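Peer 1: Assemble the whole structure, with the sequences as input and the hints as a guide.
Protein sequence lines correspond, in order, to chains R, U and A.
Heads up: the first sequence begins at 652 in my numbering, then just goes up one per residue.
Heads up: the second sequence begins at 24 in my numbering, then just goes up one per residue.
Heads up: the third sequence begins at 118 in my numbering, then just goes up one per residue.
Think of the hints as simulated: they come from the structure by calculation, not from any bench.
Nothing here was measured: the structure is a model prediction, and the numbers come from that model.
Please note that a few of the clues may not be correct.
Claimed, not checked - Result set (BS3-like, lysine-lysine): computed pairs, CA atoms no more than 25 Å apart in a straight line:
no., chain 1, residue 1, chain 2, residue 2
1, A, K144, A, K242
2, A, K144, R, K830
3, U, K87, R, K1182
4, R, K988, U, K161
5, R, K988, U, K82
6, R, K1182, U, K251
7, U, K167, U, K198
8, U, K77, R, K1190
9, U, K220, U, K161
Spelled out from the first residue to the last, the chains are:
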Amino acid sequence: MIKNTKQNYLNHPRGIMSWLLTVDHKRIGLMYLVSGILFFFMGGLLALVMRFELAAPGNDIISNEIYNNAYTLHGAIMIFLFIIPAIPGALGNILLPLMVGAKDVAFPRLNLASFYIYSFGALFALYTIVNGGVDTGWTFYTPYSTQSSSNVVPMTLGIFIIGFSSILTGLNFIATVHKMRIPGLTWYKLPLFVWALYGTSLVQITATPVLAITMVLLMLERFLGIGIFDPALGGDPVLYQHFFWFYSHPAVYIMILPAFGIISEIIPVHSRKKIWGYKFIAYSTLSIAFIGFLVWGHHMFTSGQSVFSQIVFSFITYFVGIPTGVKIFSWILTMYKGQVSFTPPMLYALAFLFLFTIGGLTGIFLGAVALDIHLHDTYFVVAHFHYVMQGGTIVAFLGGLHHWWPKSFGVMYNQTIANIAALGVFIGFNGTFFPQFLLGLRGMPRRYATYDEQFVELHSYSTFWSGILGISIFIAVMNLFWSFMKKNKVDPGSNPWGGMTLEWTHTSSPPHPHNFEEEPVLQHGPYDYDKVIVQKTYKK
Amino acid sequence: MLDRLTEFFFPKQVSTFASEIDSLYFFIFYSSVALFFIVVFGMLYLSIKYRHRKGEELKLTSSKAHSNLLESLFFIIPLILVSITFVWGIRAYLKMVIVPDDAIEIKVTGVSWFWTFDYPDGGQTLNELVVPSNTPVKLVLSSKDVLHSFFIPVMRSKMDCLPNRYNVMWFDATKEGVYDIFCTEYCGTGHSQMGAKVIVMRPAQYEEWALELGADDDSIPLDELGAKLYTQKACNTCHTEDGSALVGPSFLQTSQMYEQERVFDDGTSSIIDDNYVRNSILEPQTQIVAGYQGVMPTYQGLLNDRELDALITYIKSLDGDSQI
Amino acid sequence: MAHHNPDAPSHLKHYFHDVNQQYETSKFAMWAFILTEVLTFAGLFVAYIVYRSWYPDMFVDAHKLLDVNKGLMNTIVLITSSLTMALAIWAIQKNNKKLSVFMLLATFIFALVFLGIKFLEYSHKFEVGQLPGEFYSYMGPDAVHLNNPHIFFSIYFIMTGLHGLHVAIGMGLIAWLVYSTQKGNLTSEYYTPMEMIGIFWHLVDLIWIYLFPLFYLIG
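Peer 2: Below you can see the structure in the form of structure tokens.
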């Protein structure tokens, strides 16, 4: 079925212009991947600078100003330049058309435009960095952000522009899922990663416009003093917070839903088992995306909103928790009576289950209003969202990269090194962020460049392990890219994990320039390990 | 046992509602630990028990992928747990928002980067909130500039300070002592130095203290008063006495440069003398030392003439040699 | 890559099966885009609602400074342009190229008239200082001083400005349609771009139909 051709999207056509002007979703995906990883390292480096500054109290390495710039840029880069655009942009772009059996996304030229809009927005972010940074926090709370003399406008402009890229990618993906599936590929036969991207895209096209308008109002506030958010002109800073979180809470789901999708692919394939509760996982993706729009107020429990709002937001918040919990149990039960292999992708998936469970459960603490008042804006919150964003999303992203690497690029990395790095990420991550829960409980506020003596012990643990975490991530990513250098080519017909979805069964590794030699015909569902034996084929 | 655990996780419990919040914490904590162990145990058990053994052939696996009983359990057990959490959270929260009628009212104002406290019978303190024990205290919070947030960990309470409206929080301190106050809403360069202390006194002692407040203390010499004001009025947040530059120039540098010329960011300059120092405290935005940002708030109304004299004397008394 | 089917029409992109799939995809994406647009304006409508509920009297007083006649004229102009847009599509369906181009040109001119009237309104406001935020300096006899009237004008300028920007973008798209239709690229066989831009144009009209009463006819 898979023809052994030498021609694939990486080598055909050749030349730099064929890359810069490509409308091939796989090439665009690869470009997103490279830029995303660069920003990931940039954000990670900033994180390490902060951690080393915080190893001891006082301003030992950097001043308050530089620290404030570092944490702002760390957040803004990681969220707006890496996690939100790069994960759907890279893995989503490469895989979505393959998974639905299409030759490309619905609007290939628009897809390229999205990438360039993203790059254009990223230029503003880079300009911000070289021009002295921005010190408001990634949340840009007014009135500090309307008064700060740092580069608020270039940064918000960059975010505004990247928002368009996000909206256009979302539109493209939704249209692709709705209209580009091959005949016979019904909704319930879609791989769950497609469902996850669909949910993500829905949030992208509905929430991002509100962020865009918020950023515009913030810029106008600085240019014209329009007075909507500035208390000195009769405006209201709390209104800004409502606007901002109305986008940024759903943005959390833009960041985590693709991770859910990746895990829903890795676990059944590497356990060779039908996924537990397919329909539940599919629908909970959509319901989480929807409920995500109704809980933004839980970021504002200490802002002085009415008691009634506090109660309502706390109540709805728990309704995100329950479907998420059922998903975790479904992933675990998938392994029941399977044939589980401890491959690098599977190790990342197991690490995800461990870390994301902690991230999710600590969210329950923060949803209880009375307790949140103590924990709000402390290191408990920092630890919580890093367990979700890094322990959840980034660990799943690394798992996804290891899972689809041989498929996407036709090369296999060193699996032993990958396993060791995965372990290092897991241990280093827990070592870095677990002490931060305790710091928060004991009252350590976030966004502090220096701190009280009483917190020194926990901070120094955190710093020590952050070094291990940083090195492990670096090794994991380098190990992946190293596979290109050493020409670890796999046979174009390989299916090293025995995957059942179209990208594994119907196209070569790396895929054909137009995805499939001929239009695929669906023979089984995405996880029918109870009906068909797919061999693991892997030849160098 | 529980006390030891509470001490491990939390700072002291000083407010009346602290213990209830901590109990809520432990309820969620133990439920979470239980759920977490189910997850981790299930994950390890299933992955190891059903691992693909070396040499074992790939086979068709079970088609079991659904169980009404299990799925209902996954739904119902967490639902019960979060319902309890929700109700508990709200109950405890209502105690935190309903202020007793007999509470004494203190006005708290956040200014970048210090706190001022205005007491019901007049008088003001800076960065030191003095309250009586076993008496409800109502704080009315606001900000002079950007957002701040007033956090007393031992009271388990926190509230944002906004520039355009008043927020309220209250507590009833149960133990005398001196405890930390932090600013928890990012407010710029000096955010991490915007700390203060809450001093809880026996009510009788508080009465006495409140009477003395505002009465000028003429007995202590100027330079000693200046040294006291240096920390009391939060000068030390931004100005060191050892020559190192923080947000603003070090007082030691100013002292060493007395009678010399200082250059400002607009290119002008002036000789450092008593008038210059006084003007820098009262109208800090008019002469900003080159290389620094003009972020200092005015101390107009926060210092009387004697206190200004004291600070000037104190700055002049700083001597580099004795410090090193 | 050439399409599998050599008989496929030239406007069919190779990654679609057939014309119908391509058309359905475009239409679907267009409606999704409309949803995005609606949400963009929704953010501003929320700001409007919040401030109107805080300062109801100020809104009523400040709205009197707007020129209802010009607003009404613009409403009529824009509704008419929606009609001509629809007629352009109807004409191309009947393969009447001439009429279609004529109707598109009419739509374009109505849009121009709309922006012209808007320009007159804006320039008057600039002259007398009915401007957003810090620049509000109106001192006329009917001036509103209480409760931050500059916020009314901030919201007015941002919303009508964003809407005006959409009108301008729409004009660019319609100009392109005139060119394509004239060249014969759009026919009764394939006129998807015209239909999509038509949907966009109706949205622009619809938003104005909300903006007009909310700014000009309150109180």
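Peer 1: Are K220 of chain U and K161 of chain U close enough, with their CA atoms no more than 25 Å apart?
Peer 2: It holds: about 17 Å lies between the C-alpha atoms, which stays within 25 Å.
Peer 1: Straight-line Cα separation of K167 of chain U and K198 of chain U no greater than 25 Å?
Peer 2: 31 Å, violated
Peer 1: Going straight from one Cα to the other, do K988 of chain R and K161 of chain U come out at no more than 25 Å?
Peer 2: With Cα atoms ~61 Å apart, K988 of chain R and K161 of chain U exceed 25 Å; violated.
Peer 1: Has the given pair, K1182 of chain R with K251 of chain U, been kept, meaning a C-alpha gap of at most 25 Å?
Peer 2: Cα-Cα ~81 Å, so violated.
Peer 1: Do the alpha carbons of K77 of chain U and K1190 of chain R lie within 25 Å of each other, as the hint requires?
Peer 2: 19 Å, holds
Peer 1: For a C-alpha distance cap of 25 Å, please report whether K144 of chain A and K830 of chain R respect it.
Peer 2: 10 Å, holds
Peer 1: Given the hint that K144 of chain A pairs with K242 of chain A, does the C-alpha gap stay at or below 25 Å?
Peer 2: Judged against 25 Å, a Cα distance of about 40 Å means the pair is violated.
Peer 1: Does the alpha-carbon distance linking K87 of chain U and K1182 of chain R stay inside the 25 Å limit?
Peer 2: Given that 25 Å is the threshold and the Cα spacing comes to 12 Å, the pair holds.
Peer 1: Please verify whether K988 of chain R and K82 of chain U have alpha carbons no more than 25 Å apart.
Peer 2: 11 Å, holds
Consistency with the previously given hints fails for numbers 1, 4, 6, 7, ordered from lowest to highest.
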